[in-house]
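Q: Chains as they are written, first to last, in the working numbering: chain A, 1 to 79; chain B, 1001 to 1346.
No lab work stands behind these hints: they were computed from the structure.
For glycine and all other residues, C-beta sits at the position ideal for the given N, C-alpha and C.
Any given hint might turn out to be false.
[As the list claims (entries may be wrong)] Calculated cross-link-like contacts (lysine-lysine; reagent style BS3-like; alpha-carbon spacing at most 25 Å): (1) B:Lys1271 x B:Lys1241; (2) B:Lys1195 x B:Lys1071; (3) A:Lys23 x B:Lys1071; (4) B:Lys1109 x A:Lys23; (5) B:Lys1109 x A:Lys19.
[Unchecked claim] Here are some chain A residues pointing at chain B (derived, C-beta under 7 Å): (6) Pro14; (7) Val17; (8) Ser44; (9) Ala48; (10) Ile52.
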Amino acid sequence: MSTHQLNAQNLLCPMPVIKTQDKIATLASGDILEVSCTDPGVLSDIPAWCRINGHKLLHSEQSDRIIKLTIEVIHENDR
Amino acid sequence: MTKRKAVALISGGLDSLLAARVIQNQGIHVEGINFYTGFCVEGHTHAIRKKDKAKPKRNNALWSAEQLSMKLHIIDISEEYKDIVINPKHGYGAHLNPCLDCKIFMVQKALDWANDNDFDFIITGEVIGQRPKSQRKETMPIIARESGAEDRLLRPLCAQNLPATLPEREGWINRDELFGFSGRNRKPQIELANKLGFEEFAQPAGGCCFLTDEAYSNKLADLWRYRGEKRYELDDIMLLKIGRHIRPAPNFKMIVSREEGENNFLEGYRKQFLHLRTVSHNGPLTLIDGEPNAEDIELAARIAARFSQGKQDTEVQVKATFPDGQSKILGVAPILPTEIPQGWYV
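So that you can see chain A by itself, here it is in the shape it has in the complex (with noise of 0.2 Å):
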């Protein structure tokens, strides 16, 4: 298990659910991914992603312009 980082600053939805998607097929299951953005609609896009994909959003946290997404990686061979 380990921790990994994504930087989706200045990309707009969908792009920051892709590059989540993407990352998050590279990982193995009980890995944490932080990902941190600033479009606002990845308060809605992200969590909708990780509950189809049954993946585990932890916590998220909006400072600023900043928009902090914590997801805990459960791929579906491992639920």
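Starting from the known structure of chain A, arrange chain B on it as the hints suggest.
A: Using the frame of chain A, we list chain B on its own:
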């Protein structure tokens, strides 16, 4: 018995939502695929403009997938898609929308994905006669043939008006439980949505693509005309969605933010451009695309001043910052509205 699998093109609109649910209801495992072209309407403008804050910022394709309890794969095709926009084999629609080539390309990409992931067939929410360019009786076989999908492409909402496809012939799908919708009337879809229990759904009037928008297409045509070639980068097409675009001369164009949300968005681009900021008064951030000379910069500063809070004053201080970081302050008289010909607005 092997459970058959279908990949559904999900735009986020009602038709693709219904098509996927109709096939799910026949016991098929369905996963969604959504393509990002760079011209997608939702997300961008809603997220950028403060005036749109009340609108939901959700991605409709993700929302549809959630309603359908199915996986959604969002795929960035923006780079490959350039060739579709620049050289559409079947031409453009009313504006710069290459709808038929676009549909063929997306079905082809979905077919590649289906082959790579062992899915049996592809479904779309197309309805004969729904869209003037791509969804016509004569274009349906063209899409199936030129995408390579052939009879592995099933349109559940209008299947009964078309020859039986492989999933129907093989008995994976019961053709009698598909539909024979046609035309622009949305009533059958609304009735089906109600029957299937969908109470809320997105119905974007011009589809979900900026290329169907006249004003947007005009800006793209302007970009190509003055660039001297049909070419664009992703940043170009993003910036066409933002601000007032004013071209006072062939060699430069101004992008003037209209409000705080656009100002914030343009901030992310300012280091790539010569940009203007009014310093004596509150005002918009202005990017300048092109190669203006000193006189042009002064004219641009006067125009930028016109959109600042100092528009009624005799002089406004405007700071011009160049991409190399150098800057200078210009004291200018705001241009009068009558001095801005309507033709300058792109």
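Q: If a hint holds in the structure, say so; if it does not, say that too.
A: The hints, checked one at a time:
no.: 1; hint: B:Lys1271 x B:Lys1241; verdict: holds, 19 Å
no.: 2; hint: B:Lys1195 x B:Lys1071; verdict: holds, 23 Å
no.: 3; hint: A:Lys23 x B:Lys1071; verdict: holds, 17 Å
no.: 4; hint: B:Lys1109 x A:Lys23; verdict: holds, 21 Å
no.: 5; hint: B:Lys1109 x A:Lys19; verdict: holds, 19 Å
no.: 6; hint: Pro14; verdict: holds, 5 Å
no.: 7; hint: Val17; verdict: holds, 6 Å
no.: 8; hint: Ser44; verdict: holds, 4 Å
no.: 9; hint: Ala48; verdict: holds, 4 Å
no.: 10; hint: Ile52; verdict: holds, 5 Å
Every hint, counting from the list given before, is met by this structure.
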